[in-house]
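Undergrad: Going down the list, the protein sequences come from chains A and B. Under the working numbering, the residue at position 159 of the first sequence is numbered 544, and the numbers go up by one with no gaps. Under the working numbering, the residue at position 146 of the second sequence is numbered 147, and the numbers go up by one with no gaps.
Hints are computed from structural coordinates only; laboratory data are not their basis. Just so we're clear, the structure is a prediction, and the values are computed from it rather than from any experiment. Heads up, a few of these hints could be off.
Cut-off 25 Å, straight-line C-alpha distance, at most; resulting in silico cross-link-like pairs (DSS-like, lysine-lysine) [said to hold, decoys possible]:
#, chain 1, residue 1, chain 2, residue 2
1, B, Lys255, A, Lys483
2, A, Lys483, B, Lys46
3, A, Lys461, B, Lys164
4, B, Lys151, B, Lys164
5, A, Lys483, B, Lys151
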Amino acid sequence: MSADAMLQEEAPTHITIRGLCKSFAGQSLYANFDLDFPKGRITSIFGPNGCGKSTLINMISGLMPIDAGEILFDGKPLSETVIGYVFQNYRDALFPWKRAIDNIKYPLQMAGRSAADCEARTQELIRSFDVRFDLNRYPYELSGGQQQLISIMRALASEPEVLFLDEPFSALDYEMTLFMRDKLQSVFESTGTTMIVVSHDLDEAVYLADDILMLTRRPTRIAELVRSSAPRPRSPGTLTSQSFINAKAHCLDIFQREVRTKDLSA
Amino acid sequence: MKARNFFTLITPAYGALGFIFLWWLVAFMQVIDPVLFPSPQASAKAIWAGIFQGNLLADVRVTVTRTLLSFIIATLICVPFGLVLGSSVKLYRSLEFVIDFFRSTPASSLFPLFLVILGVGESTKIAVAAFGAGLLILFNTAYGVMNARKVRQAAAVVMGASKTRVLVGVTLLESLPQTFIGMRSGVSFALVIVIVAEMFIGSTDGLGQRVINAQMIFNMPEMYATIFSAGVLGYGLNLFFILIERHFVHWGGK
Numbered sequence: 386m387s388a389d390a391m392l393q394e395e396a397p398t399h400i401t402i403r404g405l406c407k408s409f410a411g412q413s414l415y416a417n418f419d420l421d422f423p424k425g426r427i428t429s430i431f432g433p434n435g436c437g438k439s440t441l442i443n444m445i446s447g448l449m450p451i452d453a454g455e456i457l458f459d460g461k462p463l464s465e466t467v468i469g470y471v472f473q474n475y476r477d478a479l480f481p482w483k484r485a486i487d488n489i490k491y492p493l494q495m496a497g498r499s500a501a502d503c504e505a506r507t508q509e510l511i512r513s514f515d516v517r518f519d520l521n522r523y524p525y526e527l528s529g530g531q532q533q534l535i536s537i538m539r540a541l542a543s544e545p546e547v548l549f550l551d552e553p554f555s556a557l558d559y560e561m562t563l564f565m566r567d568k569l570q571s572v573f574e575s576t577g578t579t580m581i582v583v584s585h586d587l588d589e590a591v592y593l594a595d596d597i598l599m600l601t602r603r604p605t606r607i608a609e610l611v612r613s614s615a616p617r618p619r620s621p622g623t624l625t626s627q628s629f630i631n632a633k634a635h636c637l638d639i640f641q642r643e644v645r646t647k648d649l650s651a
Numbered sequence: 002m003k004a005r006n007f008f009t010l011i012t013p014a015y016g017a018l019g020f021i022f023l024w025w026l027v028a029f030m031q032v033i034d035p036v037l038f039p040s041p042q043a044s045a046k047a048i049w050a051g052i053f054q055g056n057l058l059a060d061v062r063v064t065v066t067r068t069l070l071s072f073i074i075a076t077l078i079c080v081p082f083g084l085v086l087g088s089s090v091k092l093y094r095s096l097e098f099v100i101d102f103f104r105s106t107p108a109s110s111l112f113p114l115f116l117v118i119l120g121v122g123e124s125t126k127i128a129v130a131a132f133g134a135g136l137l138i139l140f141n142t143a144y145g146v147m148n149a150r151k152v153r154q155a156a157a158v159v160m161g162a163s164k165t166r167v168l169v170g171v172t173l174l175e176s177l178p179q180t181f182i183g184m185r186s187g188v189s190f191a192l193v194i195v196i197v198a199e200m201f202i203g204s205t206d207g208l209g210q211r212v213i214n215a216q217m218i219f220n221m222p223e224m225y226a227t228i229f230s231a232g233v234l235g236y237g238l239n240l241f242f243i244l245i246e247r248h249f250v251h252w253g254g255k
């Protein structure tokens, strides 16, 4: 057994999906789908258009009903699990009637925490994210990057066991994207929260993740779970390192093979 | 710089000044019979006299009271109903035709019906105005709820908000911009109905009655003065609601 494989063995399973079924308008998207997400690692999901990447995390996070199957977090159902979710469109996801700081406090208030407790946790987040802009502003008064930063802080406020991110940086410019990847990575390193990222950018998928879940065309199956073993902390230099290039080349091979495969459902 | 600011500031006044000048010019050149078309000065004098010697302000107050009363009744009934209607697609679909039908029925055609039911009094005027305004508020609120962004509701659900908290804390606020549009159209519409009612449904006061009286005794400056007052009132109500809206829905359109 190689060292890599042993490491992978060591990561315990966090999310267990068994027999998941989902179809849209009679067309099967997921049929008897099984999958394990490792705990304390970043997994990115990548695959051809329409293979249901976002659908998958929406079903896991309970935003979309499933037709059949079971999804457990450390053996518990979703109702007993604290999760965070960062939406692609921060403009639609933040509450524009609340100041940035009150957006961050929202999940804490929903959890019924005291005002002092909310305040303390918020200050802790502000310190760890090193926020330097005025959080008493309303979201629409902030830049796109600042808004998505608020979204991420809000999603992390209640110390979720799993953080879902649906193409979190696709609406940001490149400079901001690099900055946010960095922030996300440092949060991961300090908290070890299990993260699941949907990405449409292979560079990003490989750069952020420990594991890249490659999906096939629908009916969706797992093409392969690829490891991205570049050491952390990753930096722009990682993008030219051999382990990154190898992992990315391997993913690209799988991706192209999957795209070329005739769409059986079409 | 300062001079330019001043000119930018008075830009909106150009149109108004131009309009008054044109009015004055037509009156001065007597293109139309002066008895039918008094000068701006004569109309201004009539307003002045109406305010300080007559009872113009009393009539304005009566009209405003009727308009606001019908608007408040309409809002209290139709905003909650609109919320419920918008949250249930099934309920909305089953009532859509009825609402659309009555919305398309000219409210003024309901006067005879309400007269039969409520008699010649305050209640008929207020009821018809409230009916018309209410339908505008109702379907705007329902649309606001139906078109509320699903992402925001989803975000609240993921963060552990209960159904009630999502409805009150997210959906209601999300629908506010559209609800305010309904309320603004509603108050304008209520004013229209109230003025018409004051003209033709045995009124002894109000701006509508004042206009029609002035016309019947051929007091043209007085008629123009009253029309102008009604215009100021309508404009003022709209402006007032825009200001309230900006305060309560500061995020609207952003």
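Undergrad: A separate judgement is required for each hint: does it hold in the structure or not?
TA: Consistency of the hints with the structure:
1. Simply put, lysine 255 of chain B and lysine 483 of chain A have alpha-carbon atoms about 13 Å apart, close enough for the 25 Å limit, and the pair holds.
2. Restraint check for lysine 483 of chain A and lysine 46 of chain B: the C-alpha separation of about 51 Å exceeds 25 Å, so the hint is violated.
3. Pair hint lysine 461 of chain A plus lysine 164 of chain B holds up; C-alpha atoms about 22 Å apart against a cutoff of 25 Å.
4. This hinted pair checks out: lysine 151 of chain B and lysine 164 of chain B have alpha carbons roughly 14 Å apart, not beyond 25 Å.
5. A hinted pair counts as satisfied when its Cα atoms are at most 25 Å apart, and lysine 483 of chain A with lysine 151 of chain B qualifies at roughly 17 Å.
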